[in-house]
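Trainee: Going line by line, the protein sequences match chains B and D. Position one of the first sequence corresponds to residue 1 (the numbering used here), numbered consecutively onward. Position one of the second sequence corresponds to residue 1001 (the numbering used here), numbered consecutively onward.
Source of the hints: derived by calculation from the structure; they are not laboratory data. Don't take each hint at face value.
[Unchecked claim] Straight-line C-alpha distance at most 27 angstroms; calculated DSSO-like pairs for lysine-lysine: (1) B/K55 x D/K1049; (2) D/K1100 x B/K3; (3) D/K1049 x B/K57; (4) B/K70 x D/K1061; (5) B/K100 x D/K1058; (6) B/K3 x D/K1061; (7) B/K57 x D/K1061; (8) B/K100 x D/K1049.
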Amino acid sequence: DVKVTQSSRYLVKRTGEKVFLECVQDMDHENMFWYRQDPGLGLRLIYFSYDVKMKEKGDIPEGYSVSREKKERFSLILESASTNQTSMYLCASSLRQGAKEVWDTEAFFGQGTRLTVV
Amino acid sequence: AQSVSQHNHHVILSEAASLELGCNYSYGGTVNLFWYVQYPGQHLQLLLKYFSGDPLVKGIKGFEAEFIKSKFSFNLRKPSVQWSDTAEYFCAVSSYNTDKLIFGTGTRLQVFP
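The shape of chain D in the complex, shown without the other chains (with noise of 0.2 angstroms):
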């Protein structure tokens, strides 16, 4: 069964700081990797996604994440946050032949100005 690890629970930092989110993932075979984000009281919405193809993943507002197969890795960054990044954040995956969708525990992101 696929499942999905977030080790960060809660990122506190600065306006203008380097954000790097960690997502790790099990499962054996091919995967699909999303980033969703979950402003304050709005609707989960997708940041980017990773079907194929080059493994570095540019998405919405300036993030970016890189899939590292070896490492069954797809971790979220972005160089450098602004207050509005201020948000809950969830890595999922599913799987080739399955469109089931798989959430991590999520990370939440306080920027400060």
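Chain B extracted, bound-state conformation (with noise of 0.2 angstroms):
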């Protein structure tokens, strides 16, 4: 059964903080991924890193920075935290297309972050 952990469910944390949030998963998922989670507005990816230290923004990534130093941890930091990162924050993990014979590969979630940042 593949796994993602996020390292928190709740999170409070103070405007002008530095917030790490980490996520681990132990299915050797070449791919990981972080979205926020707000009503109304779905899930909006931040992040995407494809392999080990390599990343591609998403279509929010402003306000947020991430790290990939290895396979299976997948961090996102907020540098300065501020009220309108607010939300439910998700990672996710699935295979590179093609690896080990898989192409029809699919992403696995973790159980979300709720950060409040007050």
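Given two chains presented individually in distinct reference frames, assemble the corresponding complex, making use of the accompanying hints.
Mentor: Rendered as structure tokens:
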């Protein structure tokens, strides 16, 4: 069973703090994703990583950075938290298409981290 | 760039009614298409996916979706919904040459007994 684990379910941080959200997957997936989920806006991609140290900006990268030093771990960093970053953050992972001769890959999600910035 | 539109934001149905949720994407090349579901308090899970072959795809819990390339659509259907189908449904797309996965805004489905 694929497991994507996010380090915290709930976080409360102060405006201006540097915030780290951690995500670990145990299935040797090449791809990892960070999304934020807001009512009426769906899931919006913040960053996508397709390999160790490789990353690609998503639709809303402003105010965020990421780190992928090891294949299984993908961290989302809020450099200076602001109240408009209060949201549910979802991490996901998937196999690269064609890896291990699998072409119809799918993403697996963690439980999410609800971040409140006060 | 890829994008996904889900025009039904909130759908309310009675049990046994038929369901169709719309999904349109914009991308000129070959795409992979997905429907995910999020039950209250739970994480997102895959309902079904289309990569190639038969454009009518069957998923879990009696759901199916049809890929119509000419309409850039991948609508989700279920002939008879149950109260337990109450959830939020998300359509997603990735292109053939990248695994970057883009989601729509979601459709909240409420089913009443």
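Trainee: Now, for every hint given, state plainly whether the structure supports it.
Mentor: Verification of the hints:
no.	hint	result
1	B/K55 x D/K1049	holds, 25 angstroms
2	D/K1100 x B/K3	holds, 20 angstroms
3	D/K1049 x B/K57	holds, 24 angstroms
4	B/K70 x D/K1061	violated, 37 angstroms
5	B/K100 x D/K1058	holds, 24 angstroms
6	B/K3 x D/K1061	holds, 22 angstroms
7	B/K57 x D/K1061	violated, 35 angstroms
8	B/K100 x D/K1049	holds, 19 angstroms
Hint compliance for this structure: hints 4, 7 are broken, all remaining hints hold.
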